[in-house]
Structure formats: C-alpha cells, structure tokens
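Residue 170 in my numbering sits at position 162 of the sequence shown; the count goes up by one each step and never skips.
Derived by calculation from the structure, the hints in this document are not laboratory data. Hints are not guaranteed to be accurate.
If you anchor each label on the Cβ, the simulated ranges turn out as follows [stated by the list, open to error]:
(1) Arg357 - Gly253: 43 to 51 Å
(2) Ala290 - Ser229: 28 to 36 Å
(3) Glu313 - Glu288: 27 to 35 Å
Calculated pairs, DSS-like style, for lysine-lysine (alpha carbon to alpha carbon, straight line, at most 27 Å) [to be verified]:
(4) Lys467 - Lys403
(5) Lys376 - Lys403
(6) Lys350 - Lys284
(7) Lys467 - Lys408
(8) Lys408 - Lys396
(9) Lys516 - Lys376
(10) Lys408 - Lys284
(11) Lys350 - Lys460
(12) Lys396 - Lys376
(13) Lys396 - Lys284
(14) Lys376 - Lys350
(15) Lys396 - Lys350
(16) Lys408 - Lys376
(17) Lys403 - Lys284
(18) Lys467 - Lys516
(19) Lys350 - Lys166
(20) Lys376 - Lys284
(21) Lys467 - Lys350
All residues carry an ideal CB built from backbone N, CA and C; glycine is no exception.
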Amino acid sequence: MRLPGVLGLGVLLAWVPPAPADTFSAMLSVRQALGAEGRLLALLGAHLRAESDRLSRLARFYNKVQALHQEPAASVDNPLLAFGLIKRLHSDWRNVVYSEAASENTRVVRRPPGAVPLPAELQAGFEELRQELPGPEDLEGAAQALMRLQDVYALSVKGLAKGVFEPAGAHSPLYRPGQPVALSADDCFHVGKVAYDTGDYYHSIAWLEEAVDLFRLSYGSWNTEDRASLEDALDHLAFSYFMAGNVSRALSLSREFLLYDPSNRRVARNVAQYEKLLEERASAEPGPPRRPDGTRLRTRDAYEELCRSPAHSRLHRSPPPPGLRCAYETNGSPYLLLRPAKRETVRLRPYVALYHDFISDAEAETIKALAGPRLQRSVVASGEKQQKAEYRISKSAWLKDTADPAVAAVERRIAAVTGLDVRVPYAEYLQVVNYGLGGHYEPHFDHATSRKSPLYRMKSGNRIATVMIYGHGDERGLTLRRLFQLSSVEAGGSTAFIYANLSVPVVKNGALFWWNLRRNGEGDGDTLHAACPVLAGDKWVANKWIHEHGQEFRRPCGPRPED
C-alpha cells in the first residue's frame, strides 16, 4: 500500500496561526510564543521523521543498484539481472524520480535564488536520458524471455524467483551464477501481468502466485520503485483463475482482497458472482491450466528435450560411432596447407561437421565491432515478405568482404574448407547475429521450402549449404560484465537438429557446417534445426549461406535421392 505524499515544512507552517501584535510587551505573550515554538518543533520533528523515511527508501534503492554496478560476479549475462535492468530503466527509476514525496517536497521547500532543488535535477537528468531507456515493448519482451526459459528448460517459477536455475527433478542447476539474485514481488507481478494481458493464464497464474506469496511476506512495507501491491496481485490472480475455470480459487483470492480493501465494489460484485456460479455448478472444477500450444511448433517436445540435454564434448566418445572422427583437413586447398582445418564430423546424415578454432579472437572482435552499429532486429521469411517474429529473438547485420581484411580472411577460409564458391551472387553476405535475453530461433530450415521465398530474388537458386561461426562475448563493456570471460555462453544456446536428434553446444570460435540440399537439389528435411534459448551469456554467430548456382562442378548432382 502506498504512503501519502510527505507534507513539506512550508505547508506545516501554514497551519500555525499568526502571532498577536506586541508580543514583547508582556511576559504572558512571550510565554505563549514559547508554546507556539514548541508546536512548531513538534511539526518539524514529524517532518524530519517523514523525510528520513523517504530518504532511507531512496538510499535503499540507490545501494541496491550501486551494488550491482560494483560486483563483477553480478553479470547481466544472468537473465534475471538482465530483466531487472530493463525493468528498472523502464519503470523503477521513473517511480523513484517522480515519487509523490519527491514531487511534493520539490514544490514546498524554499531554496536560495538560482538553486535547483535536487528532485528537479534528478528529473531533468532522467528526461535527458529518456530516449535511451527501454520502452514498454522491451519490458514485455524481457518478461516473455523469462517465461520462455521457464518452459524450454523446465524451470520452476519459485526457483527462478530465488535465483536458482534448476529444472524440475534435476539434481543440479543448469546454470550457477556467481552471485544468485532473487526477484522481488513487483518483478514477479510484472512477468505475470504480461502473460495476463495476452490471455496466457498458464503463465500468469504461476508468476502471480509467486508475487502474492512475496507480497504477503512484505505486507505493510513499501518500496519507492514498486508500482504493484498485494491487492493488485490478488486481483489479477483471482481473475486468472476464473478464466482458467477454477472459480473456488478465484473466490478465495477475492475474499482475501476484500480484507485489505473492503470498500472495493467491483471485487465485492465478483465475490457474489463467484458464489452464485459455485452454487449452480454441478461438475467438478477443471485441473490446473495447460501450457498453451505453439501455433507453428509441431516439434516442441523434441526441440525442448534437445535444448535441455547437457553440453558435452564429442571428442571423447569411446568408441566413436562408425564414420565419425576428427581430422586435420586441407581439402586440397593451398590456403590450408600450413594451417589445416580441425574438423570434427558430428553426424553423417545429415552431414554436420564442426570446425574447431575456425577464427581467432581478434577476427571475432573485429567482426563484432563492425556489425555492432549496424545491428537491427532479425526478420524471417513469411511468404514473399520478410518480417519480425516472436520465434526469432535476435539482432543481425550484414557485412561485405570489403568491410575489413578480417571479413575477407574469414570468407577465404570458408571457401577453402567447403570447396564452394562463396562470392556474391553465389552466396550471401556474412550475416552477424547477436542473440538477446532468452534469444532463440525456433525450428526452421535454412533453405527455402517455397519458390515464392525471398531467397530466390538473388537468382542463384536455393541455399545449398550453411556455415555458422560461433564468436565469443565481449569481455569489456559494462562493469557488470564478468571479467576475462571469453566463452560467454554459459548455459543454453545450443544448435538443435530436431529430426537428427542432435544438439551441438556453442563452441568458442568454432564453425558448424551442413548441407541444406541433397545432391538431387531437394531440401534435406533432416536439417530442421533451432537455436535454443540462451539461458545465460552473450551469444554471437556469423552465418554464411551458400547458394546452388556456381557450385555445379564443386558439388555435382547425384542420381540417388538419399545422397
């Protein structure tokens, strides 16, 4: 429950009646003046106590955020901290800067001529930065990311609220942050509210239940940065249960709401309606709500199982399956004679190979630095158009080989290991991708499955092959970022081949290669693949898509459909 705005001392002084004239002329009047000052002193004491409470709340917020900027282990690679940062910049800071108490005291406290009151300075600075701050869609996207991680990695909301990333039934967490950070009741409410607003009551119930539990524990206290309250959480949770068909639970929560706000007529009417529904209901109430089905993801269970599978090295399998081996490869290219490629054959059908140490740290940093200013939200093909989609969360940029010698060197290396012509128009420019909070790309094909696809605008045929290069995260940047962390994807982010039952973890500076088309030119259905959500870390990849035309004598057609 919010506290009323603190009355400024100027308003308190207005309560004191004017002193009688000629106070000095009689000691009785002087004694009466002493009593007036005593009342003023009491008012000032009340004002100081209120100011002390207000400043202590501001100091608590300041110290909490300041600690995050000073603790190297508290990296924004942790999705809970990344969500917290977006939420603070979108709403928490605004609530602090424009709190009722701060605004009230700005109006009533007199200051020397020309002096700017501190809250006004804070508000002016906030307004200057407003264009740089996350918007409502960012907070919504961050909340959706936490729900995506919850689903794909089978994480419990209660565990996430405590900063624990352990799947149900597991014996160890998928990710163990250096400094666990818990979510607040207001944090959980915001995630649940995003689900609530989209009619996703499966997720809204889980997150709002946690918000209610946390609000109950802290009832009676109030944080300046919070917007929600126990009453808000009870109200939204009750309606979520009602929409899910659990009327008795909705009734119980609504009755609890009325204990805190008995004059709320709307909720009182809801209670009457719920009681009537329960009297009329003959059948048992439904069980817990089911997780909503993806409208386009028919392979969800297999995809999520592959994403949850632990990352491990395939170099130490004993004995290795037939045909799967590691080798130094020159591929008949003079370019690779002095520095052969380190190839690990991961799967024969579909053919998937992992090249270790494919690029250097310096090349990776150069490519990321070139791509950074050009990054824009990634799009997907939809019929003849390209558009943003919730099943692909990342930003991407395109680099020509003339952008920098490092890009040209990587292009030559791709040509050497694949034996293909990677010049435009026989291949696309290098696409650099940086995945966001919970960033992912649900199962898809790289090759076009329709002749109307925008891929055919290059007039060089379909995508015959993919080379996907893994970079490493930036070890500079914010003081929040973990120092000397080269391989920054700490959990999640694997590349999952759904029908091939294969999951390849992120390998620092490695490159993954596979054929998208069979030798007869048909698409290989076994190459359906996905980028699993990044659970913790900063994932960069560079994609090189090579087309059919120009490869006729480099990868000749074959008579057998299975080739």
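So which hints don't hold here, by number, going up?
-> Numbers 2, 3, 6, 10, 11, 13, 15, 17, 18, 19, 20, 21 - these are the hints that the structure violates, sorted from lowest upward.
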